[in-house]
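If you're matching them up, the sequences are chains A and B in order. Here the working numbering = 1-based position in the first sequence + 37. Here the working numbering = 1-based position in the second sequence + 10.
These aren't lab readings, by the way, just hints derived from the structure by calculation. By construction, the Cβ of each residue, glycine as well, lies at the ideal position given by its N, Cα and C atoms. Hints are not guaranteed to be accurate.
[As the list claims (entries may be wrong)] Chain A residues, not near chain B, derived (Cβ > 10 Å throughout):
1. D79
2. A100
3. A104
4. L116
5. A132
6. A150
7. R182
8. D224
9. T281
[As the list claims (entries may be wrong)] Part of the chain A face toward chain B, derived, beta carbon under 8 Å:
10. D92
11. L94
12. G204
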Amino acid sequence: MRRLALLAVLLVLGGTASAAEKPRRIVSLNLCSDQIVLALVDRQRIAALSHLAADPLVSAVAAEARAIRTTRGEAEDVLALDPDLVIAGVVTTRATRELLRRLGRRAVVIPFADDLAAVRRAIATVAAAVGEVARGEALIAELDRRLGAAAPAPGERRPTAAIYGIGGAVELPGTLADALLRHAGLDNVVARLRPGASGAVSLEELVARPPDVLVLSGAAEAYRTVVADNLRHPALRAIMTRLTHVVVPQRLLLCGTHHVAAAVERLAAARRRLNARGAP
Amino acid sequence: MSNAAPAQRTPSAGLLFAMLGLGTLLAFAVALLIGPTAISPRAVLAALFSDERDVTALIVREIRLPRALLGLLVGAALGASGAALQGYLRNPLAEPGLVGVSAGGALGAVLAIHTGVAAAFALALPLAGLAGAALAVLIVVTLGGARSGPLSLILAGVAVSSVAGALTALVLNLSRNPFAAVEMVFWTMGSLADRSLVHVALAGPIILLGLGLLMLIGRPLEALTLGEDVARNLGVDMGRLRWLVIAGTALSVGAATSVAGTIGFVGLVVPHLLRPRVGHRPRLLLPASLLGGAILVLVADSILRLITPGGEIRLGVATALLGAPFFVWLVLETRRELTP
Numbered sequence: 038m039r040r041l042a043l044l045a046v047l048l049v050l051g052g053t054a055s056a057a058e059k060p061r062r063i064v065s066l067n068l069c070s071d072q073i074v075l076a077l078v079d080r081q082r083i084a085a086l087s088h089l090a091a092d093p094l095v096s097a098v099a100a101e102a103r104a105i106r107t108t109r110g111e112a113e114d115v116l117a118l119d120p121d122l123v124i125a126g127v128v129t130t131r132a133t134r135e136l137l138r139r140l141g142r143r144a145v146v147i148p149f150a151d152d153l154a155a156v157r158r159a160i161a162t163v164a165a166a167v168g169e170v171a172r173g174e175a176l177i178a179e180l181d182r183r184l185g186a187a188a189p190a191p192g193e194r195r196p197t198a199a200i201y202g203i204g205g206a207v208e209l210p211g212t213l214a215d216a217l218l219r220h221a222g223l224d225n226v227v228a229r230l231r232p233g234a235s236g237a238v239s240l241e242e243l244v245a246r247p248p249d250v251l252v253l254s255g256a257a258e259a260y261r262t263v264v265a266d267n268l269r270h271p272a273l274r275a276i277m278t279r280l281t282h283v284v285v286p287q288r289l290l291l292c293g294t295h296h297v298a299a300a301v302e303r304l305a306a307a308r309r310r311l312n313a314r315g316a317p
Numbered sequence: 011m012s013n014a015a016p017a018q019r020t021p022s023a024g025l026l027f028a029m030l031g032l033g034t035l036l037a038f039a040v041a042l043l044i045g046p047t048a049i050s051p052r053a054v055l056a057a058l059f060s061d062e063r064d065v066t067a068l069i070v071r072e073i074r075l076p077r078a079l080l081g082l083l084v085g086a087a088l089g090a091s092g093a094a095l096q097g098y099l100r101n102p103l104a105e106p107g108l109v110g111v112s113a114g115g116a117l118g119a120v121l122a123i124h125t126g127v128a129a130a131f132a133l134a135l136p137l138a139g140l141a142g143a144a145l146a147v148l149i150v151v152t153l154g155g156a157r158s159g160p161l162s163l164i165l166a167g168v169a170v171s172s173v174a175g176a177l178t179a180l181v182l183n184l185s186r187n188p189f190a191a192v193e194m195v196f197w198t199m200g201s202l203a204d205r206s207l208v209h210v211a212l213a214g215p216i217i218l219l220g221l222g223l224l225m226l227i228g229r230p231l232e233a234l235t236l237g238e239d240v241a242r243n244l245g246v247d248m249g250r251l252r253w254l255v256i257a258g259t260a261l262s263v264g265a266a267t268s269v270a271g272t273i274g275f276v277g278l279v280v281p282h283l284l285r286p287r288v289g290h291r292p293r294l295l296l297p298a299s300l301l302g303g304a305i306l307v308l309v310a311d312s313i314l315r316l317i318t319p320g321g322e323i324r325l326g327v328a329t330a331l332l333g334a335p336f337f338v339w340l341v342l343e344t345r346r347e348l349t350p
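Kindly produce the complete structure, drawing on both the sequences and the hints.
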């Protein structure tokens with residue numbers, strides 16, 4: 038099944054990935070493709086990653102990326118790197134991508150992942166583009182192994198959960214983070230917290246109707262912004278003393294890459310802790 | 011009513027203040043009573059005065075109470091500062107938001123947060139807001155003082171607002187902060203959502219100090235309505251008056267902005283609505299605007315909390331939507347007066 042998906046990607050790419058013509062000056066312009074490229078390709082073949090790759094708040098590979106050149110993705114910048122493969126996201130740097138294509142550079146779009154199947158597709162797409170299909174398959178197999186180990190046993194109680202972030206933002210059903218919650222055996226209950234059009238809930242709702250497991254997106258102290266004041270709020274601190282809560286850093290939830298396994302493992306650990314204590 | 015002679019209005023001033031005081035109390039009570047979760051008034055009252063640490067007590071004491079207290083303080087700061095600036099500059103368009111005092115306060119607060127000073131010692135946040143607001147009001151009062159007419163005041167205000175806004179955006183962009191855009195919205199269109207007692211403790215005392223200074227300038231402003239020369243003759247110390255206006259506005263608006271962002275037009279609308287009711291007397295207008303500002307902010311925030319519990323419509327947006335048309339109308343009025 039997965040091999041078929043890979044094969045399809047290969048066919049789409051026109052069989053460009055034979056060992057002889059593996060791209061040697063790869064530029065990634067997308068935070069998510071950055072992380073997959075780093076896992077699949079030797080350093081010396083990476084010409085540049087996106088500037089976000091080195092930001093520890095959003096990137097799961099910030100430490101490694103710091104040793105590599107980064108770019109903000111302006112066309113001129115990218116051309117100066119003389120890439121033989123550019124990997125970009127669906128939305129950002131679209132203009133750069135189109136321009137590079139017109140100039141005859143090979144540009145591949147990494148699909149946006151909002152569920153686990155799409156995560157596998159994203160890894161396969163990048164693997165095919167960089168000519169590392171076998172490494173891509175191994176990466177997907179390792180992801181599936183870790184996801185399988187984290188999944189709940191049949192009949193295990195599914196606690197409720199909500200991912201509460203900066204500015205009261207919650208992860209709504211249909212997002213990648215929601216898919217990770219479900220895979221970890223937790224039911225996303227943000228709907229009952231009545232999030233508004235912007236996808237934020239009021240702290241009062243959260244305090245009044247807390248889920249079994251509160252998922253926070255990281256140490257509030259790391260965010261030097263007034264927008265994160267809700268994570269420093271005394272009322273939130275008070276309910277955290279009674280609730281099972283787990284910190285899943287935002288960098289593990291933002292991108293559909295193999296790093297989601299670490300997020301699912303943390304969520305599953307919280308589920309096991311709660312279920313080991315027995316139903317509330 | 012509004013055509014009555016000033017002499018007949020004086021007795022009604024007591025009634026007006028009774029109504030404003032009662033209105034403030036009511037608005038404060040409503041802010042405590044309503045929220046996305048239904049809690050009965052009796053339970054709210056019990057939660058306020060009990061030592062319980064249950065969910066209701068948590069919601070009332072840690073979420074609703076700070077929001078209501080900040081609404082009261084921020085509204086009072088904006089209302090009183092608007093009245094003070096309008097009286098001192100003898101300009102109907104003077105208002106903390108329009109003349110850049112709020113923008114200066116926001117810049118100070120952003121600098122404190124993103125340099126890490128605010129995390130190092132807590133009072134740095136309101137003090138930085140105060141410093142930014144003080145600088146802005148100093149520039150505006152110097153450039154657009156009473157002698158230079160309404161136009162130069164507004165121009166000075168636009169200049170100060172633009173520079174402060176641009177610098178705020180610059181600091182946020184340079185801070186490598188993924189939330190820069192969201193945060194910019196907070197500083198230009200403020201909000202009381204998810205504020206805590208920590209914010210009240212930080213800003214409250216400074217706001218109160220500023221309000222205290224502003225309450226001292228009623229009589230000098232009253233003399234000033236007759237012109238600067240007459241005021242001097244009546245013993246008004248113009249230098250002292252100027253410093254009281256600057257310090258009072260900077261303290262109250264700077265501290266308010268540092269915890270709630272810019273909440274515009276309250277200082278414009280409230281004094282204008284109340285001025286005819288107090289017989290155009292600054293001495294009465296200052297405390298009346300203080301109470302009126304508190305009522306306006308508390309009521310606006312309570313309505314917003316009811317219709318958008320997720321905080322989609324921000325308080326600063328709501329007051330701007332209410333106040334901006336009023337501002338246009340005032341500009342038209344001012345133009346009519348200037349071109350007979």
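No chain B beta carbon within 10 Å of A/A100's: A/A100 is indeed farther than 10 Å from all Cβ atoms of chain B, at 16 Å.
Is it the case that A/R182 keeps its Cβ farther than 10 Å from each residue Cβ in chain B? holds (32 Å)
Check the non-interface label on A/D224: least C-beta distance to chain B beyond 10 Å or not. holds (21 Å)
Since A/L116 was said not to touch the interface, does its Cβ keep a gap of more than 10 Å from each Cβ of chain B? Holds: least Cβ distance 25 Å, greater than 10 Å.
A cut-off of 10 Å on Cβ-Cβ distance, and A/D79 was said to be off the interface with chain B. Does that hold? holds (29 Å)
With a cut-off of 8 Å on the beta carbons, see whether A/L94 makes it to chain B. holds (6 Å)
Distance rule for A/T281, whose beta carbon must clear each one in chain B by more than 10 Å: holds (16 Å)
According to the definition I'm using, a residue is off the interface if its beta carbon is farther than 10 Å from all beta carbons of the partner; does A/A104 meet that for chain B? holds (19 Å)
Measuring Cβ to Cβ, find out whether A/A150 lies farther than 10 Å from everything in chain B. holds (19 Å)
Checking hints one by one. Is A/G204 an interface residue toward chain B, by the C-beta closer than 8 Å rule? Hint holds; A/G204 Cβ to chain B Cβ min 6 Å, cut 8 Å.
Restraint: A/D92 near chain B, CB-CB cut 8 Å. Satisfied or not? holds (7 Å)
Test the statement that A/A132 is away from the interface with chain B: the closest C-beta pair must be farther apart than 10 Å. holds (20 Å)
When held up to the earlier numbered hints, the structure conflicts with none and fits them all.
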